[in-house]
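Guided by the hints, dock chain B onto chain A, whose structure is given.
Those sequence lines, one after another, are chains A and B.
Residue numbering for the first sequence follows this note's numbering, starting at 703 and increasing by one per position.
Residue numbering for the second sequence follows this note's numbering, starting at 1174 and increasing by one per position.
Keep in mind that the hints were calculated from the coordinates and are not lab data.
It is possible that part of the hints are untrue.
As the list claims (entries may be wrong) - Result set (PhoX-like, lysine-lysine): computed pairs, CA atoms no more than 25 Å apart in a straight line: (1) B:Lys2201 to A:Lys838; (2) A:Lys761 to B:Lys1893; (3) A:Lys780 to B:Lys1623; (4) A:Lys839 to B:Lys1890; (5) B:Lys2201 to B:Lys2095; (6) A:Lys780 to B:Lys1905; (7) B:Lys1685 to B:Lys1668; (8) B:Lys2012 to B:Lys2032.
The residues making up each chain are set out below.
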Amino acid sequence: MIKKVLTFYLCGRFLGIDVTLVKEINRNVDFSYVPGSQEHIVGLLNMRGQVVTLFNLAKLLELDEEIEQRALTCIILKTPKDPNQVGFLIDRPGDVIEIDKEACELPPANVGALECEFINCIVKLKDELLMIIDPKKIFVDQRNIDI
Amino acid sequence: MLEDDDFIQSFVEEAKVHVETVETELLQLDMSNLNAESINNIFRAVHSIKGTSGFLDLTKIVELSHAMENIFGEIRSGKMTINEGMIDSLLEANDCMKTMVDDVANSETVDISLLLEKLSIILSNKGLQEKKVVIAVEVPIKTLKSETIDFTQSKKQKICDCNDRGQILYKLKKNLNKDLISNETTLAQFLIQISSIGTLIECNVDVDEFSNREEDSQEDVIMEFIFTSVLDCDMLALMMNSEAEDIHPLYLTKDTEISIETLAKNEAESLIESQIGNQASGISDTDVVQIIKQIPIEEHEKEVHTGKNQAIATEDSIRVNVMLLNDLLNLASEMVLARNQLLRTMESYRKGIPGIDTIFQNIDHITTNLQEKIMQTRMQPIANVFNKFPRIIRELSKKMGKDINLEMIGTEVELDKSIIEALGDPMTHLVRNAVDHGLEMPADREKLGKSRTGTVKLKAYHEGGYVNIDVIDDGKGIDVEVLKKKALEKGFVGKSDLVAMGEQDVLKLLFKPGFSTAEKVTDISGRGVGMDVVKTNIEKLGGTIEIFTVPHAGTTFRLLLPLTLAIIPSLIVEAETLKFALPQVNLQEIVRIKANDPTRKIEYINNSEVLRLRGRFLPIIHLAEVLRLNRTYIDNITGERKPENRKMLFNNRRVNSDVLVPKDQDMNKGNDQRKPGMSNIVRILVIKIGSRRLGLAVDAIHGSEEILVKTLPVYVKECKCYSGVTILGDGKTSMILDPSGIIEKANLHFYDSQDENQISKEVEERESIREHQNILLFKCSGPETLALDMSMVSRVEEIKVEEIEKIGDKEYIKFRGNALRVIRPEDFLPISKETNQKKKLFVIIPKLVNHPMGILIEKIQDTVQTGINIRQDDNITAKGLIGSTILGNKIVLLVNVYELFEIANPEQYKVIPIIKKGEKLKILLVEDTPFFQKLEKSYLEEAGYTVLLAQDGKEAMEILEIEKVDAVVSDINMPIMNGLELVRRIRANASIAMLPVIAITSLTGESQIKEGLAAGFDSYEFKLDRQKLLEILDQAIHKRRITI
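Chain A with its partners taken away, still in its complex shape:
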């Protein structure tokens, strides 16, 4: 089984997301900060009249933010039938690559619990490892965590 994955870079990590879940990639987004919101929420973005909540993925994954470049590129996810649109900031997008299901594996035991929770699987590429994130777990479930 071959799957298409959109790769991107965040805080020096090489991450991927199932391309069928992505609606669009926006560069130079102009979002507004929401005072009083939780710290992993960057702000709200106007995407052609729809309000998109932008997340700080690095914070959610507890990545080291020091390395983050403040480039304002974001990935907006497809959320059919859900009025709450979500997106997250990335450092820069990579490519859309095809991966074989064979090459996927669940995170090994020594990977932290938090990361495990948000990571769908890890792809063993030829010369590096690609972590496929699970946006559903990260963003949709976020509502429950918030409450």
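Quick look at chain B alone, frame taken from chain A:
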């Protein structure tokens, strides 16, 4: 079984409409005068449900609808009369239908046997009305014959195929002998003829008619040909040598599988449908699914009923998914933004491109229109809410044994869909309340001289950009005294507060959670239980609720609702470079505080900032602080934003900074030039939510905008400070502030300090209510400035000196063809007189006087609007003057027109004291404006009355408690307690209820007069016609005396 979801979905949507139709029509049925049209509507609705559900194999729905259809079939054919009991059963059945339709998937599991039984009992009782059947059948067959024809499966297919190819189904009648044989055409030849122009489906001989005939009849055999053709009626008639009226097009309904029917003509309808009704009973039993119903079409109606025209007359509305509409709305507003951007960007090129301006204008216009239209798509008639009330009222009236008549007015008024949806529960509550607590039992009503039937009126109408919905009952009204007692008992208010509370304030207690005046809380409603919920729900919609009540006359609950939820006017404010929208509903005023302004400054109580606003403390909170934003300031030298570390930002604003100098005064003096946020000016938004007021300090105000409200993403809900999101003109999102959330977040504790509030409220009210008078300032020949209230001036004419003619010692001018006497005030008033050689003069024509005279003056100075304080220590008194006042540092003499005229023309203006000698009548004059108070008092006293004075309703009530008076003359618009409330209280108080009370007011609106009379005034007079006032006062006193 349920194969095609799309079909099911559209069935459900359709069926819901039908079920609703059945319900409304059933409830509207007037037993005494059956309307054939409504029975038909019901029948059709049930029939359609049956048809479609049969197609979808929903057997239970079919069974139920079939049973209902049978009954309506009987009713409409007149074989059965409908009665109350039947309606109940039918409603029950309809409810069951609703449940099944709402949950189609489980409709098969619903037990309907009991209902079916009930319905079949109803049906079997029809025998009692058998007589009517005969009458129904006796209608002339020639004009109104109808029949049904069963087709076999293959023929049905054939018809459908032909129809798809655009052919129309026809039925042709021929007399075998007369039309065919006498024309030497054999039947076979005729059939070939038909086949040449279309497809022959069937050929019948009307056996029924044949067998009915007398044996010796020489009549012809009627042949019926059913065929399809693309030709129209007239052409066919020509081709086949027949009369056009013999050829009838049969209209195919969209459910071809179920029935093919021509549209029934109105007058024929009920009869034909009866046959369908009969026929229908056979349908579900057999496999025959086609019915053709047909009526002959009279010649003059032919054009209307051709197949083609039928097809055009389709529905004029379509169902659209709400999501789609919302998306459209989004896109439209986005379009507006895009347009703005386009216009902005192209601004500099505009001159370079010829003709672009018109294009821009066009785009501008279209976009605005587009947005408006799309907004309209969300509008729905209020009937959607109102329509369930006939049912509710019916049930309530049964349950409680009250006769209730429901009136609904303005059902066509439209409101945004979201409001319509949210309105159902609060409205239901109010209606139930009106029935349960408002209306009395029929017997009690009779005792009070009211009709046994109580009325509940629902009235929707537009007023000032809002939609008002009134829920009116003509019941016993709300007893304010009982309310007060209850409020005391429950500890909602203190005794001292209660005294100061006006009627409206007391009524508002109803909305307090846990307040109930009902002796017993019934299962229908307990007034108060849930009233708070009603209020919150209405307020959530951006609306407000008002109560009006008159003891024994009824209560009105008025809901004021915005037309649409989606767009609200709001103020765009800024705090620390972030923009926020504040809904203007909550905004009372904006206070601008300049640094070093000694009159307006922010003061400190411990560490809290307060502002003295009109003698009251206003707590000040900073938006940035509530939102936990880091404070910044703009460095004067570098122009950069730097973090602000000081806490008491306003301390450097103190004028007397010696004793109470805060510690950080020691800071570098240069720092005092720091600007919080943007500038040296603090802007405070005074926000009011209920009784709570606070000042919200912001850095900048960007003006007001109509914003489109978008729901808050779930992810930021927990911030509490926001009620939604919007997109501003620059395309960025902005949070909509929620003032109550801010209060919560800022930890503000409001005390219900009624006393303090009340006092300042009174002051405020006095300020605002004081009637401002329009005063005409003028001069006669001397230097004195005279003044006349504009309400007494009809017009001012400019005249030339030559126009004045002297007759004897009196002066006249020609005015509108009549001689009008003019007088010079200086001749009669103690003012100086000079002879000026002025060419032009002015004549003031007063109004509200019986024998008008013009007042000749030399100069019009000004007209001013002001509240007049007549000087108390007035020593400028004379007949003809009310008194003096000071306007703009000058003494102004107020002229009393009546007295002036009386001096000038004693015969006609002499006041004849109305009071007979020896009789003493005491009048209580309630008036807050000193000018009118004085004037009215003088009028009354001249007429011989003794006058007592009160400043407002409250004072008046106090006087009434200790003094016996013969009549009350009251203003309407007064602080603390207005005239309406005063009269209501008088009428509610048994000991003084019969007192004559007259309103004298400057409120002249038609509705206000009505309201005034409804409140209990004997009559309603405008300010200020002396003669009229005295007349009506006299009348009122006499009338009351007679009734006593």
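Satisfaction of hint between Lys2032 (chain B) and Lys2012 (chain B), Cα-Cα up to 25 Å
holds, 11 Å
Can you confirm whether the C-alpha distance between Lys780 (chain A) and Lys1905 (chain B) stays at or below 25 Å?
holds, 21 Å
Does Lys1893 (chain B) lie within 25 Å of Lys761 (chain A) when you go C-alpha to C-alpha?
At roughly 23 Å apart (the allowed maximum being 25 Å), Lys1893 (chain B) and Lys761 (chain A) satisfy the hint.
Below or equal to 25 Å on CA atoms is what counts here, so check Lys2201 (chain B) against Lys2095 (chain B).
Judged against 25 Å, a Cα distance of about 19 Å means the pair holds.
Quickly compare the C-alpha distance for Lys839 (chain A) and Lys1890 (chain B) to 25 Å and report which way the hint goes.
holds, 19 Å
Does Lys838 (chain A) lie within 25 Å of Lys2201 (chain B) when you go C-alpha to C-alpha?
violated, 80 Å
Holds or violated: Lys780 (chain A) to Lys1623 (chain B), with C-alpha atoms at most 25 Å apart:
violated, 65 Å
Agreement of Lys1685 (chain B) and Lys1668 (chain B) with the hint, judged by alpha carbon distance not exceeding 25 Å:
holds, 17 Å
The structure is inconsistent with the numbered hints 1, 3, although it conforms to all the rest.
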